Amino acid sequence: MLHLHVWGPAFGLPSIDAECLAIITYFHNVLPSSSWRLIPSNDPAVSPSNLLPALQHEDKWISGFQPIIEYLTSAAICDGLDETLSPIQRADSVAYSAYLRAHAGPLVDLSLYVSAANWAATTRPAYSLLLTFPLTWTVPTLIRAEAIKRAEHLGLAELDTDFDPNGGLHLSAGRDALPETFRRHIPLMTKKTVHEEMTPEQAIAIRLFGLTEDCLTVLDDLMKGGDEEHPRFFTDAAVSSLDCLAFGYLALMQKPAVPRSFLKDWLEPKTPRLHKFVDSMLAAITARGDLPWATSEPTSVARFGGRILDSVLRHIPNLGEQYAAEMRHRAEHQKTGLDQRALMLIMGVVLTGLATGYGFQAYRAMQPFGASTQSWKPRRSRTRLSEFGQLGSMLSSAMGPFQPVPSGLDVGARDQGGPNGMLVEVDSEVD
Amino acid sequence: MAGPPSSRPGWFAVPAPVRELFKIFPLTTLPAESLPERAPERARVRPSLYVFARTLEDARSSRPSFNPQCLKWQTFLRIAGVDVHLVPSNNHASPSGSLPFLLPPTTPTSIPEKQSSTQPSGNAVTKPTIPLTGSKIHRYAKDNSPRETTFSDSPPSRTEAYEALLSQNLRPAWLTSSEKLYALYLHDANTPLLKALYLPPSPILYLPSLHTLRNAATDEILKTTRRSLVDPHRLLVDATDALRSLSALLADNDWFFGLPDPGLFDAEVFAYTYLILDEAFGWADDYSLAQCLVKFDNLVEHRRRLYERCWPEALGEQVNTN
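As given, the protein sequences belong to chains E and H, one line each in that order. Take the first sequence: its position 420, counting from 1, is numbered 420 in the UniProt record's numbering, and each next residue is one higher. Take the second sequence: its position 57, counting from 1, is numbered 57 in the UniProt record's numbering, and each next residue is one higher.
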């Protein structure tokens with residue numbers, strides 16, 4: 001039995017991740033539903049290489065779209081989809097797969113993750129449905145940070161304005177955020193320029209459309225001259241691995257209902273063939289029957305807690321990057337447990353923490369420079385107020401003669417001692 | 001009261017003896033210091049291509065650069081027959097932060113030489129030239145090619161796909177291997193000139209620069225492969241896939257896409273294949289990428305063909321390296 005671990009469904013698609021979507025399509029096309037299980041584990045850490053999709057076969061783990069396909073063929077589990085292709089078509093398939101990763105991947109990242117409006121309205125809620133409670137606060141932001149890093153070479157950082165002035169409550173948009181009735185009383189201070197009125201997506205629309213056009217035209221050119229109803233990349237093969245991968249990326253461009261749908265706006269009118277391709281692939285998936293969904297094993301409390309701690313640690317500035325690099329180093333060298341390096345690191349962190357904490361406390365305990373030391377001490381230990389520490393002592397010495405009367409019974413006894421309200425000289429030590 | 005006579009100096013006038021004293025200065029005016037030996041000439045007759053080069057001699061004799069990006073453009077300019085002057089350089093010299101870049105030759109202007117020496121900083125001598133990078137080098141090479149043959153364009157979308165294949169599959173494998181290479185490279189004490197040019201001699205500076213280099217390479221690989229770990233075995237498998245695809249694409253043709261003349265894509269492939277199979281490069285003996293590449297005879301042939309075409313002067317050496 002093959003267990004395929006993926007990111008869970010979103011936007012009406014079987015997965016939120018392009019490569020997971022691609023490998024699900026591939027499996028669904030080559031294997032009968034009875035021979036594999038689809039597990040939405042939503043945790044890359046299930047596989048040793050920390051990547052989804054991951055295939056678990058007996059006790060072997062294989063991660064990534066291409067490696068899984070190679071494993072299926074090499075372990076003779078099933079025939080590959082690319083068997084019927086000619087050598088040059090295979091070469092094309094490899095090249096265009098690389099092209100998809102290099103160019104379509106960053107576009108999907110831009111649309112779903114980098115664009116602040118789309119992220120807030122669509123992608124983040126989708127992740128919230130997939131993850132359980134405390135992880136919804138920590139994990140999606142990490143995923144987004146990775147996507148931003150992948151797409152930053154395109155130089156479209158404008159999309160990443162979390163302070164989208166047209167978005168929600170923002171200081172510069174204070175006027176619009178107020179209720180209509182209050183707004184009448186506030187004079188109009190500034191007038192927005194045309195550029196400020198535009199959303200970030202509109203402001204850089206030309207560059208965005210340029211990128212989209214470059215990417216999709218290349219794909220569209222390869223698909224030319226095929227079946228008009230069911231377009232595929234290589235017409236003589238029904239579905240190839242390139243079709244699966246392209247479906248993964250293109251479906252994520254077309255299907256999610258994002259508020260700033262620049263990819264969809266290009267895809268529908270300009271490259272109707274690709275648009276039709278996504279629909280026909282999706283229809284083919286549903287036509288082949290249900291996907292063999294299985295519930296993931298319940299995670300243990302320790303593992304869940306570990307994942308929360310891990311994601312929180314990665315959020316710490318500076319330290320988080322070091323931590324991520326160290327974890328990657330350990331995973332690459334397949335180290336588990338404690339070794340000398342890890343012990344040294346932990347010792348280092350603990351010692352640094354202690355030193356910092358001690359320094360901070362010492363600093364807090366220091367007197368402000370130039371201030372004279374004043375200490376207030378009770379002369380009479382009887383005073384109740386002195387029970388309240390230094391402030392109490394100060395008060396009790398200031399209100400020296402006043403004795404709170406706790407109860408009526410005591411009054412008589414006290415009167416015998418002397419006249420009421422004796423004034424007592426109290427001196428405070430001032431140095 | 002009569003006004004002061006006009007000959008009388010005002011309140012702010014410098015007294016005559018002081019004025020005399022100051023008139024002596026400057027005592028002598030020394031001739032202007034000449035620019036350092038390696039400074040670029042003020043007027044370029046040939047375009048200069050700034051590349052990574054091992055030694056100054058390598059650059060003077062226009063030997064292939066050791067950086068694939070640089071070698072790509074160097075090769076393409078040679079294919080186009082544009083004679084360039086190679087300048088060994090590093091990233092800090094580049095306006096865009098990366099090499100290579102090309103400075104076109106200065107256009108001679110009508111202003112006579114004599115006048116230009118009197119006002120060296122003015123724009124009278126040369127028009128300031130803008131450094132060219134990437135596709136602009138491509139256009140420059142096309143426009144200035146002395147050859148009559150027009151560059152026939154390869155099918156654009158397929159070329160783009162295969163270029164992505166190079167950058168996506170071959171480059172990460174290249175980067176992992178060059179991590180090893182740099183370590184080996186930097187420990188090499190045989191080339192004192194290299195040490196003087198590139199390496200800070202003290203370990204205090206050398207170790208951090210090596211660390212930065214490795215981190216940059218790791219980040220680059222993780223970004224392009226969209227994975228969370230660097231898996232050298234996987235990268236090698238991807239690179240082999242890429243080479244197999246390129247081999248299938250080339251088939252029995254002389255140049256890629258069946259064109260009569262080599263083009264930019266040939267230069268790009270050559271930049272990798274030349275360096276991978278370059279024995280003088282200092283690869284470790286069990287270098288696996290080279291072992292993958294020698295299996296594809298037509299790529300090796302393509303490399304030899306292009307090298308002979310672009311570096312005809314080096315044919316004698318070619319015999320013992322290949």
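Hints in this document: simulated from the structure, not taken from any laboratory. Certain hints may be false.
Covered stretches of chain E (chain H as the covering partner; in silico rule of three or more C-beta atoms under 8 Å from a C-beta of chain H) [as the list claims (entries may be wrong)]: (1) 57 to 70; (2) 95 to 102; (3) 388 to 396.
Quick caveat, the model's predicted, so the values are computed rather than measured. Glycine included, each C-beta is placed from N, C-alpha and C at the ideal position.
Within the assertion that chain H covers the stretch 388 to 396 of chain E, do at least three residues meet a Cβ-to-Cβ distance smaller than 8 Å?
n = 0 at 8 Å, threshold three: violated.
Confirm or reject the coverage of the stretch 95 to 102 of chain E by chain H under the rule of 3 or more residues with a beta carbon closer than 8 Å to the chain's beta carbons.
n = 6 at 8 Å, threshold three: holds.
When I compare C-beta atoms, does the stretch 57 to 70 of chain E have three or more residues closer than 8 Å to chain H?
Satisfied; 5 residues make the cut.
Figure legend: structure checked against the earlier numbered hints; the only hint not met is number 3.
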